[in-house]
Amino acid sequence: MKSVQDYIRTIPDFPKPGIMFRDVTTLFADPRGFRIAIDQLLHPYAGLPIDRVIGLEARGFILGGAIAHQLSLGFVPIRKKGKLPGNTIEQSYTLEYGEAIMEVHDDALKPGEKVLLVDDLLATGGTAEAGIKLIERMGAEVVGCAFVIDLPDLGGRKRLEALGMDVHALCAFDGD
8 MKSVQDYIRT IPDFPKPGIM FRDVTTLFAD PRGFRIAIDQ LLHPYAGLPI
58 DRVIGLEARG FILGGAIAHQ LSLGFVPIRK KGKLPGNTIE QSYTLEYGEA
108 IMEVHDDALK PGEKVLLVDD LLATGGTAEA GIKLIERMGA EVVGCAFVID
158 LPDLGGRKRL EALGMDVHAL CAFDGD
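Residue numbering for the sequence shown follows this note's numbering, starting at 8 and increasing by one per position.
Derived from the structure by calculation, the hints contain no laboratory data.
Note that the coordinates shown come from a computational prediction; the quantities given were computed from them, not determined experimentally.
Some hints here could point you the wrong way.
[Said to hold, decoys possible] With a Cα cut of at most 30 Å, we get these calculated DSSO-like pairs of lysine-lysine:
{"no.": "1", "residue 1": "Lys9", "residue 2": "Lys165"}
{"no.": "2", "residue 1": "Lys117", "residue 2": "Lys90"}
{"no.": "3", "residue 1": "Lys90", "residue 2": "Lys121"}
{"no.": "4", "residue 1": "Lys23", "residue 2": "Lys88"}
{"no.": "5", "residue 1": "Lys140", "residue 2": "Lys117"}
{"no.": "6", "residue 1": "Lys140", "residue 2": "Lys165"}
{"no.": "7", "residue 1": "Lys121", "residue 2": "Lys165"}
{"no.": "8", "residue 1": "Lys23", "residue 2": "Lys87"}
{"no.": "9", "residue 1": "Lys140", "residue 2": "Lys90"}
{"no.": "10", "residue 1": "Lys87", "residue 2": "Lys121"}
{"no.": "11", "residue 1": "Lys87", "residue 2": "Lys117"}
{"no.": "12", "residue 1": "Lys9", "residue 2": "Lys87"}
{"no.": "13", "residue 1": "Lys117", "residue 2": "Lys88"}
{"no.": "14", "residue 1": "Lys165", "residue 2": "Lys117"}
{"no.": "15", "residue 1": "Lys121", "residue 2": "Lys88"}
{"no.": "16", "residue 1": "Lys165", "residue 2": "Lys87"}
[To be verified] Computed beta-carbon distance windows for the label pairs:
{"no.": "17", "residue 1": "Gly72", "residue 2": "Lys9", "range": "21 to 27 Å"}
{"no.": "18", "residue 1": "Ala65", "residue 2": "Glu143", "range": "18 to 24 Å"}
{"no.": "19", "residue 1": "Gly119", "residue 2": "Ala65", "range": "26 to 32 Å"}
{"no.": "20", "residue 1": "Glu168", "residue 2": "Ser10", "range": "21 to 27 Å"}
For every residue, glycine included, the Cβ atom is placed at its ideal position computed from N, Cα and C.
Sequences and hints are given; from them, build the entire structure.
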C-alpha cells in the first residue's frame with residue numbers, strides 16, 4: 008500500500024537551483040492518494056469541536072475545502088493581500104526575500120469559534136503563523152494545524168509549537 012509520501016513528486020532545482028520542490032499536484036491528481044491524504048489530515052481531529060476549516064493560499068484551499076466538506080463545516084480562505092473583495096484584516100509576515108501580507112474577511116469568523124488550519128507544506132512556518140495571528144485577532148481559537156508535508160530542517164513545526172499549536176503532518180522530507 009502506498010503512503011502519502013509516495014504520491015508526492017520531487018522536482019530538483021525549482022524554483023531556483025538547490026531547491027528540491029515537493030509537488031503535491033501529483034497527490035491531488037490521484038483519487039486514491041488524495042482520499043488517503045484528506046482522511047489522514049482530518050483523523051486526529053475527528054470528534055473534536057471544530058466550527059470552521061481555514062485554508063492558506065493556495066493549495067490549502069484544495070485540502071481545506073475537501074476537509075470542510077468531509078466534516079460538514081464551512082471553509083474560510085486566508086489569501087494574499089488584494090485578493091478578497093470585502094472588508095479584510097491583514098497580517099504581514101517575513102519571507103526569505105522580503106515581506107508579504109495575508110488577509111481574511113473581517114466577518115469570516117466569530118469570537119470563540121474553533122478552527123482547523125490547513126495547508127500543504129510547513130517550511131519556516133511564517134505563512135502559518137500569519138494565519139494563526141489573523142484567526143486569534145478575530146477572537147477564534149486554532150485547535151490544530153494540519154499539513155501534508157513538513158520540512159523539519161526549516162524549523163516551522165518548532166515555531167508553531169512554540170506558539171502552543173498542535174501540529175500534524177502526514178510526511179516529512181529532511182534536508183530541504
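Hints versus structure:
1. Between Lys9 and Lys165 the alpha-carbon distance is near 28 Å, which keeps this suggested pair within the 30 Å criterion.
2. Proposed proximity of Lys117 and Lys90 is supported: the alpha carbons are some 21 Å apart, at most 30 Å.
3. Proposed proximity of Lys90 and Lys121 is supported: the alpha carbons are some 24 Å apart, at most 30 Å.
4. For a cut-off of 30 Å, the pair hint linking Lys23 to Lys88 stands: about 24 Å separates their Cα positions.
5. Restraint check for Lys140 and Lys117: the C-alpha separation of about 14 Å stays at or below 30 Å, so the hint holds.
6. This hinted pair checks out: Lys140 and Lys165 have alpha carbons roughly 16 Å apart, not beyond 30 Å.
7. Our distance criterion of 30 Å between C-alpha atoms is met by Lys121 and Lys165, whose separation comes to about 22 Å.
8. Taken as a hint, the Lys23 and Lys87 pair is honoured in the structure, with Cα atoms around 22 Å apart against an allowance of 30 Å.
9. For the proposed pair Lys140 and Lys90, the alpha carbon gap of about 19 Å is at most 30 Å, so the pair holds.
10. Between Lys87 and Lys121 the alpha-carbon distance is near 23 Å, which keeps this suggested pair within the 30 Å criterion.
11. A threshold of 30 Å between alpha carbons decides the hint, and for Lys87 with Lys117 the separation of about 21 Å falls inside it, so the pair holds.
12. A C-alpha spacing of about 34 Å is found between Lys9 and Lys87, which places the hinted pair above 30 Å, so the restraint is violated.
13. Only pairs whose Cα atoms come within 30 Å are accepted, and Lys117 paired with Lys88 is accepted, the gap being roughly 21 Å.
14. For the proposed pair Lys165 and Lys117, the alpha carbon gap of about 28 Å is at most 30 Å, so the pair holds.
15. Distance hint between Lys121 and Lys88 is fulfilled; the C-alpha atoms sit about 24 Å from each other, no more than 30 Å.
16. Annotation: proposed proximity of Lys165 to Lys87 holds, straight-line Cα distance about 24 Å (limit 30 Å).
17. The hinted window of 21 to 27 Å between Gly72 and Lys9 holds, with their beta carbons roughly 23 Å apart.
18. A hinted range of 18 to 24 Å for the beta carbons of Ala65 and Glu143 is consistent with their spacing of about 22 Å.
19. Distance hint check for Gly119 and Ala65: the Cβ-Cβ separation is about 28 Å, which falls inside the suggested range of 26 to 32 Å.
20. Range check, Glu168 to Ser10: about 24 Å between beta-carbon atoms, so the 21 to 27 Å window is met.
Hint violations for this structure: number 12 only, all remaining hints satisfied.
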